[in-house]
Amino acid sequence: MIFSLIQRVAQMLFVMFGISVLVFLIFFATPGADPAARIAGRNASPEILEAVRKSFGFDQPIYVQYLTMMKKIFVTGDLTSFVNRGWKVVPAVMDTIPVTLSLVIGAAVLWVVFALLIGIAAAATRGTWVDKTLMMLGLIGISMPVYWLGEVMNLLSQSRYHDTWLFSWVPPLGYKNFSDDPKGWFLTLVIPWITLSILYIGLYGRVLRAAIVESLQEDYIRTARAKGLSETRILLRHALRTSLVAFVTLFGLDFGALVGGSALLTEVVFGLQGVGKLTYDALLNLDLPIIMTTVLYASFFVVAANAVVDILYMLLDPRVRTA
Amino acid sequence: MLKVRDLSVAFRTEQGMVQAVDHVSFDVGEGELLGVVGESGSGKTVSLLAVMGLITDPNAVITGSIQYRGRELVGLKPRDMRALRGKEIAMIFQDPMTALTPVYTIGWQIAEQVLAHQKMSKAAAWQRAIDLLAEVNIPNPQEAVHRYPHQLSGGMRQRVVIAMALSCNPALLVADEPTTALDVTVQAQILDLLRKLRRNHGSAIVFITHDMGVMAEIADRMLVMYAGRVVERGKKEELFLAPLHPYTRALLDSIPPLTGVKPKRLRAIPGTPPNLLNRPPGCAFAPRCIERFEKCSAEPALGSGNHTAACFHVSA
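Protein chains in written order, with the numbering used here: chain A, 1 to 323; chain B, 1 to 316.
Quick caveat, the hints were computed from the structure, so don't treat them as lab data. Careful: at least some of the hints might be erroneous.
As the list claims (entries may be wrong) - To give an idea of the interface, some chain B residues facing chain A are shown, with a C-beta separation under 10 Å as derived from the structure:
| id | residue |
| --- | --- |
| 1 | Pro58 |
| 2 | Ala116 |
| 3 | Ser153 |
| 4 | Asn278 |
Because the structure is a prediction, the values reported are computed rather than measured. For glycine and all other residues, C-beta sits at the position ideal for the given N, C-alpha and C.
Chain A on its own, in the form it takes in the complex (with noise of 0.2 Å):
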């Protein structure tokens, strides 16, 4: 179990290391363009277009262009923005990770919390009109598009009625800190919660319920309506706890790609300085440092929240354990 633990964070590092070459070679070394001149930006001048080249080493063998990025990105932390004009990529791009975090997170929450009840709910009432009910609602929550529905949100909660009972603690847009002001922060992200959780609710209740009528067709729980355990029980020890699993590994790929900017829809409806915000924005103007931070940062989160997901398998599965 350890030694499987420890070879699974080892291979999680080799792949991130992996990324990391693959993504400089894409950007620092894709042959007929100038990096320079993609990293100084439009229309720049000869000197600056000269500080690029010097900053960033251009002038060196590719393995030293590569030790000079990833030294700026993770030990200096002094990568520069010339397209925003000196901005440090590093602090910027750290600014809005607990942005993404708090949302993504909350979200997440929100999102398991309600899956579990609904795939339970759903699938102990199989087959009655509470379970197509439930599974009717699962799929609407699917069918509506992020923004559209977080637009409505706002809609609803900043503008129409707004002055109503209903929606007059709304804060206006935009994200407050935790540590300045918690109960702002709670307040600004409730909506958000809600419009980016609905989705998942209903994708992962659907596939709860899918995998949990699975499981109760399974040999062992006929086994344990032999031994006499009551119909809850069942439920719950027998056919959730083997279901788990499907659900274990949509989460660990939902949420990593979600924390790595997949919430950029909802980060921009709501005015929310996330990490998906920024990667636009700097994809706007093409701010090659930028791009190159947060793309890192992202493929990191998602074989992170991978790595994460197969340890959680050896807990919830002995049969992984020894594998």
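Using the hints provided, position chain B relative to the given structure of chain A.
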């Protein structure tokens, strides 16, 4: 102790009713081992699942009477059935590879059943699990309780399933082809084990199988089922030495004799069992029977004696 009368189980399907079990009656005495034989689809498993109250299909229609020690089980409240199941009536399943929940240790799974029916501490239940594993001859039980099902062989898993079934000292044990999925040497060990446990616990056992050899080993009395009906019942010796029903005779002809002249080829029974959906009237075995005559187009009834068969050759 178990009195089954006119038990019928039918499943509603889109094509109509499938009569899986058709007016089956039998008794099991205290401490007795009743063998139920028949080919696949003859209704042997379904009738015993009905006894266990384990038919969960909402399309199943169960009629008749199942009395366990004077208590009627058909139509019993699920809650009361649950209290009985696993405690007084336990079941061993055919495929030990899939009968255990993969994510829990075997000790946990045995203790779970003990705790569901008896008031005792978790530590005591755990100790009980260790004792049970020792009883079913699992080597090193203190260590084995921490094993997961996937770490055990098929034979070992079947022992665990048996240990679990025995955990509350059931008065009646239903064993549904417990040796079918195992290889022959392990089969013999499991049969030995069941015999030993029967001596020690005095449980009555209903043993379902399609293996006449296994029956010859362990049964006291036997029930031969065909197409959802009982076609012959009697003591094991009577059934093996003087079978009444042509189907029983055909079954016996299809296993090699231990003594005497070995036939060049074993006799197989031609044809297949009838479709249980809209079965034709008359004796269900008639189309495959070499002894059929005019009367067979009517439905033969099972006699009332101890050794009797549902065949016009017998009653006529």
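Any CB of chain A closer than 10 Å to the CB of alanine 116 of chain B?
-> With a closest approach of 5 Å, the alanine 116 of chain B hint holds.
With a cut-off of 10 Å on the beta carbons, see whether asparagine 278 of chain B makes it to chain A.
-> Status violated, d = 27 Å.
Minimum beta-carbon distance criterion (10 Å), serine 153 of chain B to chain A | 15 Å, violated
Can proline 58 of chain B be said to touch chain A, with a Cβ gap under 10 Å?
-> 8 Å, holds
In summary, the structure is inconsistent with hints 3, 4 from the numbered list given earlier, while agreeing with the others.
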